[in-house]
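*Asks:* Top to bottom, those sequences are chains A and B.
Quick note: the first sequence uses the working numbering, first residue 31, plus one each step.
Quick note: the second sequence uses the working numbering, first residue 31, plus one each step.
Hints were generated in silico from the structure; no laboratory data involved.
Virtual Cβ for every residue (Gly too), placed ideally from N, Cα, C.
Take the hints with a grain of salt, since some may be wrong.
Part of the chain B face toward chain A, derived, beta carbon under 7 Å [claimed, not checked]:
1) A59
2) G150
3) V153
4) I278
Protein chains: 2
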Amino acid sequence: MKVAEIGEHKLLKIIQQYCPTDVVGDDAAILTTTPDRSLVVTTDVLIDNVHFSNITTTPFDAGWRAAAANLSDLAAMGASPLGITVGLGIPGDLEVSWVENLYQGMTACLQQYYTPIVGGDVVRSPVISLAITAFGQVYPQKVIRRDCARVGDAIVVTGVHGASRGGLELLLNPEMDNYLTNQDKQALIASHQRPQPRLDVLPHLWEILNGASQFSLAGMDSSDGLADAVQQICSQSGVGAVIERQNIPLPPAFHHWLSEEQIWEYVLYGGEDFELVLCLPPELAHELVQRLDRDAKIIGTITDGSTVILRDGQTDNPGDLDSMNQSSQEHLDRVLNLDRGFQHFSS
Amino acid sequence: MKVAEIGEHKLLKIIQQYCPTDVVGDDAAILTTTPDRSLVVTTDVLIDNVHFSNITTTPFDAGWRAAAANLSDLAAMGASPLGITVGLGIPGDLEVSWVENLYQGMTACLQQYYTPIVGGDVVRSPVISLAITAFGQVYPQKVIRRDCARVGDAIVVTGVHGASRGGLELLLNPEMDNYLTNQDKQALIASHQRPQPRLDVLPHLWEILNGASQFSLAGMDSSDGLADAVQQICSQSGVGAVIERQNIPLPPAFHHWLSEEQIWEYVLYGGEDFELVLCLPPELAHELVQRLDRDAKIIGTITDGSTVILRDGQTDNPGDLDSMNQSSQEHLDRVLNLDRGFQHFSS
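Work the whole structure out from these sequences, hints included.
*Replies:* As structure tokens, then:
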């Protein structure tokens with residue numbers, strides 16, 4: 031059954047099954063916010079054959095990924111989700127089941143975080159477009175900004191990088207899986223198709239910060255790649271960084287699957303892992319890493335200057351950040367290059 | 031200069047000129063809400079050649095209209111605007127000036143209501159798409175809903191209907207302007223290109239309601255046509271209505287320009303006038319109409335049953351709603367038909 035065959039009213043009825051009845055039905059949705067928190071708003075637009083494709087992405091996964099990306103933007107600000115709106119443009123000859131699967135995917139991701147779809151719009155369009163706006167709330171004194179990393183801060187990543195890019199490669203080139211176990215393959219593909227926004231990190235972070243006499247906190251998510259995240263934080267904070275390459279967590283399967291060059295291409299520039307990259311004082315960073323799962327790691331430190339250096343040293347004690355800065359292994363240093371990160375119009 | 035030639039970073043720099051620097055720059059925007067108010071959220075998606083076209087709409091006007099439509103959705107709920115986000119999909123070969131003009135148009139409309147663009151996303155797309163989400167806040171006890179009109183309520187429209195449709199006709203068929211003065215033409219075209227959301231009605235409404243010992247209030251905007259608005263309110267409230275046709279305000283120029291049939295086609299089903307259709311007790315309705323400009327009128331009354339009747343009677347006293355209900359001019363009554371209103375997928 032095609033969208034054009036059932037008409038707008040029936041389509042809206044189907045979509046409204048995925049929206050709570052107490053907020054939807056008027057011109058707009060109404061939500062109750064907590065008085066002492068600020069409102070956080072983020073928007074993403076996804077276009078068929080630009081940001082997703084039927085080759086690698088079912089409508090369910092497209093929905094999941096879109097919801098996850100927006101929740102990740104909230105997590106990156108330290109915000110808890112309140113709801114999302116969905117603006118959907120679809121051709122009349124699209125299958126109704128495609129739309130249903132899209133909403134099922136969004137809902138499956140959102141339900142983990144008790145986040146409703148509170149409204150939206152569905153219109154006719156020659157190309158499928160999906161615009162999601164997510165809103166959340168944050169304690170004003172706990173906003174995670176990009177522009178306030180401080181020299182001496184430890185840089186934490188909340189999980190592995192490169193997995194989503196690896197999963198995409200397996201979907202695009204299934205013949206490339208020679209040296210991977212079935213379990214490894216499924217895990218990488220799942221990382222790409224069903225990424226998890228790291229909203230679970232926030233309660234741990236607040237507990238640690240509440241216990242600290244004073245703190246600084248900066249960060250963002252790694253949706254456009256780990257290198258991009260570090261670069262953005264550094265350039266907006268007016269600082270530099272040293273990243274210890276061997277401390278960056280990555281999928282173990284990469285080592286018997288990819289060349290060294292490919293590994294670091296995926297890990298640093300792959301993007302869409304939706305982890306958090308956080309900068310905070312070393313003692314608090316250690317406490318955070320201990321509370322999170324074993325893939326959370328301190329990968330480097332914020333330095334003065336404006337250069338982001340990727341270091342290949344074999345430091346035995348990855349927590350000993352002072353010794354990193356004094357390393358003499360300059361011949362192994364590389365300066366990270368932001369331009370290799372994802373750019374929407376550059377292809 | 032094309033979008034693809036300047037790249038994403040430069041395009042974002044241009045767009046950020048239209049966004050206040052204190053809210054934009056991170057993954058998401060942060061807004062402060064007033065503690066005792068609820069959050070209201072609404073989304074609209076507009077697609078090139080479906081919702082606007084280069085024939086009738088400059089990018090400036092497309093931006094203005096999109097902003098106006100979203101602010102009107104907020105006004106329809108009784109909400110004051112806090113900000114909007116803009117999700118834009120554009121082809122790489124689009125002129126950069128097109129994007130600038132779009133943002134100038136949005137900003138020109140928004141600035142009248144001190145409403146900032148607080149964030150958004152710009153992506154590559156084969157077709158121009160514009161997804162706007164607007165945020166506002168409302169006192170929870172003053173939400174204007176569609177589902178609570180009460181028998182005996184007077185139905186108020188805040189201004190003329192049909193003008194936007196008339197303006198569109200002049201843009202599509204300029205040769206149709208034979209019997210119109212230049213001033214009439216410009217006024218109709220302006221109604222289409224630069225509609226005004228009726229946020230100005232709200233302070234008057236609150237003053238009147240604050241003075242009332244008790245009140246009921248229902249309503250919505252007439253973006254999908256006056257007939258649609260009345261039908262929606264009635265069906266969701268489980269009531270009927272009688273509309274007195276001669277009380278509906280319309281552009282005076284229509285009488286020497288259009289046939290009787292065309293006039294009522296435009297007035298009832300034209301849409302996009304972005305007026306408010308409000309249902310409240312007759313004494314409060316009279317007070318509201320007196321406070322608003324002369325085009326605000328009481329056009330009918332809410333009745334029991336479920337039928338919306340358009341009456342052609344020549345009642346001398348349009349405020350005497352009881353006498354309408356007892357009118358014996360049944361041969362002139364017409365039942366309003368929702369299906370003639372705008373449907374996105376029906377064309």
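*Asks:* For every hint, state whether the structure bears it out.
*Replies:* Here's how the hints hold up against the structure:
Because the closest C-beta pair between B:A59 and chain A is about 5 Å apart, less than 7 Å, the hint holds. With a least beta-carbon distance of about 5 Å to chain A, the hint placing B:G150 at the interface is held under the 7 Å criterion. With a cut of 7 Å, the hint placing B:V153 at the interface with chain A holds, because the nearest CB-to-CB distance is about 5 Å. For B:I278, the interface hint is violated, the least distance from its beta-carbon to any beta-carbon of chain A being 21 Å, above 7 Å.
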